[in-house]
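Visitor: Put together the whole structure using the sequences plus the hints.
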Amino acid sequence: MTERILENLADERGNREGDGCLLDIVLKQVSKRYTGRHLDAVKELDLEIRQGSFVALLGPSGCGKSTLLNLLGGIDRPTEGVIEVGGLSLQSMGDDQLTEFRLKKLGFIFQFFNLLPTFTLEENVRLPLEIAGHDRAFVDSEVTELLDKIGLGERRGYLPAQLSGGEMQRTAVARAIVHKPAIVLADEPTGNLDSENGEKVLALLSEIHAESGITIIMATHSNEAAACAERSIRMRDGRIVSDERNA
Amino acid sequence: MREFDHFLGALSLFRKFVLRDCLHNYVRTVITICGITLGVSVFLAIGLANKTALSSFHDTVDRVAGKANLEIRPLTGRSFDQSILTGLTWLEMAGAVYTPIITDDVVMSVGDDKSEPIQLLAVDYFADDAFKGYEVADSDSSGESPTSLNGVFKHLGVLVGHALASEHKLSEGDKIELAVDDRRFEVQVSGVLTDKGTGAAYGGRLLICDLSLGQEILDLPGQVSQVEIISPPQKIELLQEKLKSELPVSVTVEPASTRTSQIEKMTRSFEYNLYALSFIALLVGMFLIYNTMAITVIRRRPELGTLRILGLSSRNILSLILAEAILFGAVGSLLGLFCGVLIADWALQAVAMTYQRLYFSLPLDSVRLEPVILLVAFLTGVGLTTVAAVPAALEAAAVSPAEATRKMSIELNIDRWTLPFAMVAFVFFGLSAYSSTLPALANFPFFGYFSALTCVFGVAFLMPALLKRMLPVLGRILYPLMGLESRLAVSSLGRTLGRSSVAVATLSIGIAMLISLAIMIGSFRETVIDWARQTLVADLWMRPASSDGGSKNARFSAHMESRLAAVTGVEAVEPWTESDFEYAGMKATLGGARFDLVEKYSNLNYLSGRSNREVASSIRGKSCIVSESFSIKHGVQAGDTIEVPFKTGLMPLYIQDVYYDYVNDTGFVVVNRDFYRKNMKDDGINSFAIFVKKGYEPVSVRKRIFSELSGQSRFVVRTTGELRERILEIFDQTFAVTYALHAISIVVAILSVMNALFALTEESRREFGILKYIGLPAKGIKKMVLTEAGVLGLYGCVFGIMLGFVLSLLLIYVINKQSFGWTIRFTVPFDFIAQTFVIIMFTSIASGLIPARLASATQAPEVVRSE
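In the order they appear, the protein sequences are chains V and F.
Each residue of the first sequence is one higher than the last, beginning at 1 in this note's numbering.
Each residue of the second sequence is one higher than the last, beginning at 1001 in this note's numbering.
Check the hints yourself; a few may be wrong.
[What the hints assert, rightly or not] Lysine-lysine pairs mimicking PhoX-like chemistry, simulated, CA-CA at most 25 Å apart:
| # | chain 1 | residue 1 | chain 2 | residue 2 |
| --- | --- | --- | --- | --- |
| 1 | F | K1694 | F | K1600 |
| 2 | F | K1154 | F | K1169 |
| 3 | V | K180 | V | K149 |
| 4 | V | K200 | V | K180 |
| 5 | F | K1154 | V | K104 |
| 6 | V | K180 | F | K1016 |
It is worth saying that the hints were derived from the structure and are not from the lab.
Everything numeric in this text was worked out from a predicted model, so none of it was measured.
Guide: This is the structure in structure tokens:
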């Protein structure tokens, strides 16, 4: 079943490549309420994100940005409504299918990096390719190329605890894109960094977007960070209050 | 190839995710592995000791029997009349050959008033060659090559086992002094046996002599103890039937292997109970593993969430955590095998005395390394570790990818599960109560142990609910006494209810095991002391010297009774004679007592509550009393009639009453001495209870006995005080292994507390950092961690003692009763419990010292910044 869905997604990519609407994300009346809470974290959201977009989700803490990212990543399931990626509903996928979906199509970047502390920088980056079962030579070449490109080649043997915050987040970015996903979900990627390192990470994301056409959806509370995106969606109390194209 | 790549990938992930974490958290790793190592080593040591004891017996039976496939043995007593042999000549016509032998234990003097029990095997040197399983070493070639039996026909010549010869440097021509009954007997070494065939029986600690010399040494004229028969295989059953029909009912005809299975049956309770006790250390170790793995999953939850987000399936996560447990299990079990082999000799010495005293006389010098036992111990260690890790592995597999951004959710989960867990606990308690009422299965108290186990699990499941209620109470008590740190400590434990519960449950179970055993042993000891005080009312006790040296069948001759009675100061002499007999396929002891004297002087206690005078006066002719263990083992009681084999044939005996007795667990049937003598054709006396006239001191009467009788006889006389001391000495030796096993369980439990404290400390580093920021000094943080250790220890003790009481009831009234059939009066060793409490509290707080030091060294800015 999983493979069939992923094959469908791949076929779709092949059929629609070039027309700009590969793996479009569509949300229809999506709500999410956590157990034991009285309010919806997100409420009746209708949203469409085209393949290749760079979208910023803006809003204060608790407005539902992270919940929306979790829903888009298939990490949480909506209480109501439908989420479709490339025309396929995420709710129809079982746990194994969602796992496979995340492995092949998604990349994640977190505020607190979430690097595995017992893995070196390089091992953290290699992980998605190794889990996907790629052969060693392929993994070696992909990872080496990527690390050199983002300027972390010389620190490949370091453990996360030996890296600076900026280096950790760039490693997390590398891990999120090493397997060439269609979509990268970034939750406050600069939230735990100083301004200099924050800018470096944003520049890296912009560069990746420009070069590979990966869809990037970034939750942030910073207007400066949101300015890097093509589109800014403002949220408040679980609802979208504005949706604008950036200049 | 792709599968291979996947395998390598999994291996690589295991190395990076699991192995590195194990190395990084090396203290936790070492503690966990130590717990498994201790459990497995104890289990293995007891397994090897048990196996060695039983296989030594098996081996000796095989070596003595040699090629014989049938043997004639007495059903009662140690020998039978050799005139039986004259009626066996037809066996040769049927193609069978046979030979009589005598086996018995004698005591060898080894200088400096020391002696050791050895086996005497008397054989017919003219028997068919097929029976000659012994070889004599050539003294000119260092005992390497066997030669013929030159010189064995010398007067008083014996062949000496290789182990005995090498230990005492015996060679041809040396003289050996034997203590037999109350006599001395000197024999001469005619040759040294090789360690092959019969020569290796009894561990090489034996003497072989000619049949007639054996009869002379043991004072068994015209008697033999076995007839070994080699029958054509196809005729075994036929010959067995024919022999049974022709021979008197006082002997039995069975294959030699029957004796092995009989001894296995007899020792089963003792053996299985030892296994069950050694299993406790493993059980406590399981909780330690559960604790470790649960803490690992809690601590690494965000990492597991990240792995899930990166595409690892829940099955992969499950495998990863189980693989970690298997690694712990394998390393701990391998080390356990090593340590187990090291301590197995000690375990053997600890249990050998009980085997030898209660079941069979065999030297048990060193353990045999049985590969099967090693494998079973290893697999048990790995298996239990894996099983203990299953809940944590399932919890890890259920970690949602969203956990990558959250922390500590399991503590919320545990909180939510408190009520369902409590309900499960009550189901366990119900099962425990019900199974405690069920009878034994094949003489093994399976349901008793099941009841204890379910009770233990019940407490483990109830622990979160108990702590949830009790921690705030303690917090309110401690705050005015110990200040803010105590409140912080209690609240920290409350927030991490999951791991606090596991740590307290583990400690409670370890303590409960110790307390329950202490109550059971203490109660048993008090019962035995009471029994000795009430029953051993004579002033002096006399038995042959060889009996004191370990010879079971040592006797005085009948005339000793009158000579002893004639000693000045002796008022009465109560003789006691006993012989082993087989009842329902199991060994028991038949005793002959003078009930006229028992009625007048002794004080046996009966289950019916009737007086000693009333019961003793009713024992005449075919009536008897039986011990409590015989009654329970064979399901007989007062008013029943049992058929007991005597030399004169099977006799129906009416059971007048059942008396309390703690001498052995195989049981006694006691008849009047006159009846015993007449039907057992045995005038010998095993021991005397001597009553001293008023106005005479027992010690001075003892001196007179020695001065008047020791010229012709070698014996030991003890005062009642000395005998009681001796009984308690044997009692304490018997239970020494039990105490040792439980001390180890406690060590494992303390490791568990230490483990929990390390995890707690690590998990609370941010909290410590913040506390430092807001002004709590390092000393305060140290105090907080030590208070946490103390609180865990306190609750471990409180719940452990309570659970211990319940388990002790099960041990005393269910498990012991079904295994050994002894009534034990419940007494509580308050002093021991108080000591345990102090030691555990001290050890728990001490186990918090390292975590406290680590916690107080937390660098506040670093921790807070890293978050």
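Visitor: Hint compliance check: list the failing hint numbers for this structure, sorted ascending.
Guide: 5
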